[in-house]
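J.: So the protein lines, in turn, are chains A and B. When the first sequence is numbered by this note's numbering, its final residue is 368 and no position is left out of the sequence of numbers. When the second sequence is numbered by this note's numbering, its final residue is 346 and no position is left out of the sequence of numbers.
Source of the hints: derived by calculation from the structure; they are not laboratory data. Careful, some of the hints might be misleading.
Subject to a maximum C-alpha distance of 27 Å in a straight line, what follows is the list of computed DSSO-like cross-link-like pairs (lysine-lysine) [said to hold, decoys possible]: (1) A:K339 with B:K144; (2) A:K123 with A:K155; (3) B:K25 with A:K333; (4) A:K261 with A:K123; (5) A:K324 with B:K325; (6) B:K325 with B:K244.
Residues from chain B shown here face chain A by an in silico Cβ test under 10 Å; the list is partial [unchecked claim]: (7) I17; (8) L18; (9) E29; (10) L270; (11) A324; (12) T331; (13) Q337.
Partial chain A-side listing against chain B, Cβ under 7 Å, derived [said to hold, decoys possible]: (14) R8; (15) R43; (16) N44; (17) T48; (18) L50; (19) G90; (20) D91; (21) G99; (22) F103; (23) S107; (24) G110; (25) P222; (26) V269; (27) Q357; (28) Y358.
Backbone N, C-alpha and C define an ideal beta-carbon position, used for all residues, glycine too.
Residue-level listing of the chains:
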Amino acid sequence: MKYLEEFRDPELARRLLDDIHGIAKGQWVLMEVCGGQTHSLIRNGIDTLLPDAIELIHGPGCPVCVTPLEVIDKALRIAAQPNVTFCSFGDMLRVPGSGEDLFTVRSGGGDVRIVYSPLDAVKIARDNPAREVVFFGIGFETTAPANAMAVVQAKRLGLKNFSMLVSHVLVPPALDAIMSSPHTRVNGFLAAGHVCSVMGYWQYEPLAQRFRVPIVVTGFEPLDLLQGIRMAVRQLEEGRYEVENAYARAVTREGNVPAQKLLSEVFEVTPRKWRGIGEIPNSGWGLSSAYREFDAAIRFDVTDINTVEPAICRSGDVLQGLIKPNECPAFGKECTPRKPLGATMVSSEGACAAYYQYGRFVSLESIG
Amino acid sequence: MDGWVCPLPLRDHPNVILGHGGGGKLSSELVEHIFLPAFRNDALQNLGDSAVVHIGGQRLAMSTDSFVVRPLFFPGGSIGELAINGTVNDLAMSGATPLYLSVGFIVEEGLPIATLGTIVERMAAAARAAGVDLVTGDTKVVDKGHGDGLYVNTTGIGLIPPGVNIAPQNARPGDVVIVSGSLGDHGMAVMSVREGLEFETQIVSDSAPLNGLVAALLNVTPHIHVLRDPTRGGAASSLNEIAKASGAGIVLEERAIPVKPAVRAACELLGMDPLYVANEGKLIAMVPREYADAVLEAMRAHVFGAEATIIGQVVESHRGVVVAKTGIGGTRVVDMQIGEQLPRIC
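If we strip away everything but chain A, and leave its shape as in the complex, we get:
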């Protein structure tokens, strides 16, 4: 486990925590942008170790959570067709659309498969020319390069039976929307390290300046997160607002330039609806005109589907950091991971699911 245990060392964690406790004087609200960070923070109990003055709130960075209801409904309609093999990453199968989820479609006879890479879906298409193979291409800038590569590969192979239902979302416009809200409580961001490993962090610099908000590029291991929190708190205490990189082992300012080139060839920026938030301008990627023939939404004629969120769900407020998951009246009652109402309870990385999974039943103080 080289390069992993090093970032979970309890002694170093203790030193970082002591440092944070020493630095923090004011009351600060930090948003971890990515669901993976939320998961790691709670899984490692970091939230139980920080000073009370530092409040962590959870951002919109869970790809499963923010995929709009109507896209799920499109996926469900496509997957239920008899000639379709519908391929998806595993955790999308449990996400309910307006009625059912992909697991239900599968139990009703639909050919729904879990794959570990979009290239696996291309291979299935190549091996099964009589079937229409569709890949569910969702996620942030992290999953986009592999999805782009799959489409390029399908084109190179001349596959006529492969397509992708694409609903990519982009982080910087979401941060812009959060900070533009008059209700925002965010004092600083822990930016998602893996997004930045692809895209770099230069795009975050104008945001930090415009909103006078520190943004620290942060990884996912306990020490990464503690280091990111320490850097963000230090900036806040010193009155600075810069983009800093606490994940230099994976991230550069420029990011992965060949990946970016591939992305700009295959995708084009579009407005995108976010589940629980609504539409954010220029916040998504769809297939560019050169690759539109691979657009499953057009091929299967599901562009007409339009769906509305349940009214009682406040996941949009959770995703924007306006409330904590357990402050939603439906949390743990009408809404549980078994029967999720909203985006954030759906995925294991969603803030509500993470709260439910790791801490709902007992007050953490009582554990000691």
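Chain A is fixed; fit chain B onto it per the hints.
T.: Showing chain B alone in chain A's frame:
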């Protein structure tokens, strides 16, 4: 079945989904809402790995299990060894000495006879190793396309020695939680071949009969409170079931939980938690603290318990809930999984 109404309908899913077989909450719900109300009786009610019944003054343990693993062969074993060891272990977890097994084969048309022969030979070897006899059986052949080659069911009976009372209800504050070795080996071994994932080190299933190990434990003291083999749903599900059945709280020391580096790496890659991954040759024991050292020593002297270690304790607080002290000193709740663990998107 006309007029039959499900007493507590499972509202979320009108049809059975894969998660109902995942060993998590959905599985429990099938048992609690469908099977228990229909079959209710005292022996069933305990929901142990095996039922304990009284016949002619003897206490018999009885257990059944079906094996639907895909592929039929994987690193460290096959469906054959699993079918023997699985039922032997379920019997052993009530402290019984397993004696006789039945076997039912559901074979898909087209399965090569040579494959069936190899699996049967491996079953025979596993039965010899576990000291049990296969005394009755049944074979059905189903149409091509209606099975993954072969499904196997085994049912077993064994005798429980006098003075032994092992059940999930018996966990008591003050007990230590011991695990017999590394967690997650079987689940990740099967997943790595099923999904064509390649890791630097091959992950091998831990499939093994645990009746010898249990006998060694009972040799130290009959006062073992709980034994459980954490198969589907992994250690987290077993511990939650024990916490729920006994009404006690459980605290785990996360750093003490043994997980092989290759298994940990594979879990990291797929976004899975080894606490929820299946095992086929490990047991969890809850033992009064005064016997802990002697029990550990006996386990470590046995081939299937060489890496036995204490991973936590049973406590008075947070009753019915499993909590982990994390590696960096925080705390978290270890809840039961809903259905199956799913690989994360990123």
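J.: The structure should be examined with respect to each hint, and the outcome stated for every one.
T.: Here's how the hints hold up against the structure:
Under the criterion of a C-alpha separation no larger than 27 Å, the hint pairing A:K339 with B:K144 is inconsistent with the structure, at around 37 Å. Pair hint A:K123 plus A:K155 holds up; C-alpha atoms about 13 Å apart against a cutoff of 27 Å. Distance restraint check for B:K25 and A:K333: the Cα-Cα separation of roughly 16 Å lies within the 27 Å cut-off, and the hinted pair is therefore satisfied. Pair hint A:K261 plus A:K123 holds up; C-alpha atoms about 24 Å apart against a cutoff of 27 Å.
In summary, the hint linking A:K324 to B:K325 is supported, as the alpha carbons are separated by about 23 Å, within the 27 Å threshold. Taking the CA atoms of B:K325 and B:K244, the gap is about 19 Å. The hint holds against a cut of 27 Å. Annotation: interface hint on B:I17 holds; nearest CB of chain A at approximately 5 Å, less than 10 Å. Checking B:L18 against chain A: minimum C-beta separation of about 7 Å stays under 10 Å; hint holds.
The restraint placing B:E29 at the interface with chain A holds, with a minimum CB-CB distance near 9 Å, inside the 10 Å limit. Interface restraint check for B:L270: the shortest CB-CB distance to chain A comes to about 8 Å, inside 10 Å, so the restraint holds. Look at B:A324: its Cβ gets to within about 8 Å of chain A, closer than 10 Å, so that hint holds up. For B:T331, the suggested interface contact is upheld, since its CB lies about 5 Å from the closest CB of chain A, less than 10 Å.
With a least beta-carbon distance of about 9 Å to chain A, the hint placing B:Q337 at the interface is held under the 10 Å criterion. With 7 Å as the threshold, the beta carbon of A:R8 comes within range of chain B, its nearest partner Cβ sitting at about 5 Å, so the hint holds. Against a cut-off of 7 Å between C-beta atoms, the interface hint on A:R43 holds, since the closest Cβ of chain B lies about 6 Å away. With a least beta-carbon distance of about 5 Å to chain B, the hint placing A:N44 at the interface is held under the 7 Å criterion.
Hint on A:T48 holds. Least Cβ distance to chain B is approximately 5 Å, under the 7 Å limit. This hint is violated: A:L50 has a C-beta 9 Å from the nearest C-beta of chain B, more than the 7 Å allowed. This hint holds: A:G90 has a C-beta 3 Å from the nearest C-beta of chain B, less than the 7 Å allowed. Because the smallest distance between the Cβ of A:D91 and any Cβ of chain B comes to about 5 Å, under 7 Å, the interface hint for this residue holds.
Residue-level restraint check for A:G99 is violated (minimum Cβ-Cβ distance to chain B is 11 Å; threshold 7 Å). Nearest Cβ of chain B to the Cβ of A:F103: about 5 Å, under the 7 Å cut. The hint holds. Against a cut-off of 7 Å between C-beta atoms, the interface hint on A:S107 holds, since the closest Cβ of chain B lies about 4 Å away. Interface hint at A:G110: violated, since its Cβ lies 11 Å from the closest Cβ of chain B, which is beyond the 7 Å cut-off.
A hinted interface residue such as A:P222 counts as satisfied when its beta carbon comes closer than 7 Å to some beta carbon of chain B; here the least separation is about 5 Å, so the hint holds. Proximity of A:V269 to chain B is violated relative to the hint, the smallest CB-CB distance being about 20 Å (cut-off 7 Å). Restraint check, A:Q357 versus chain B: the minimum CB separation of about 5 Å is within 7 Å; hint holds. The beta carbon of A:Y358 comes within 4 Å of a beta carbon in chain B, closer than 7 Å, and the hint placing it at the interface holds.
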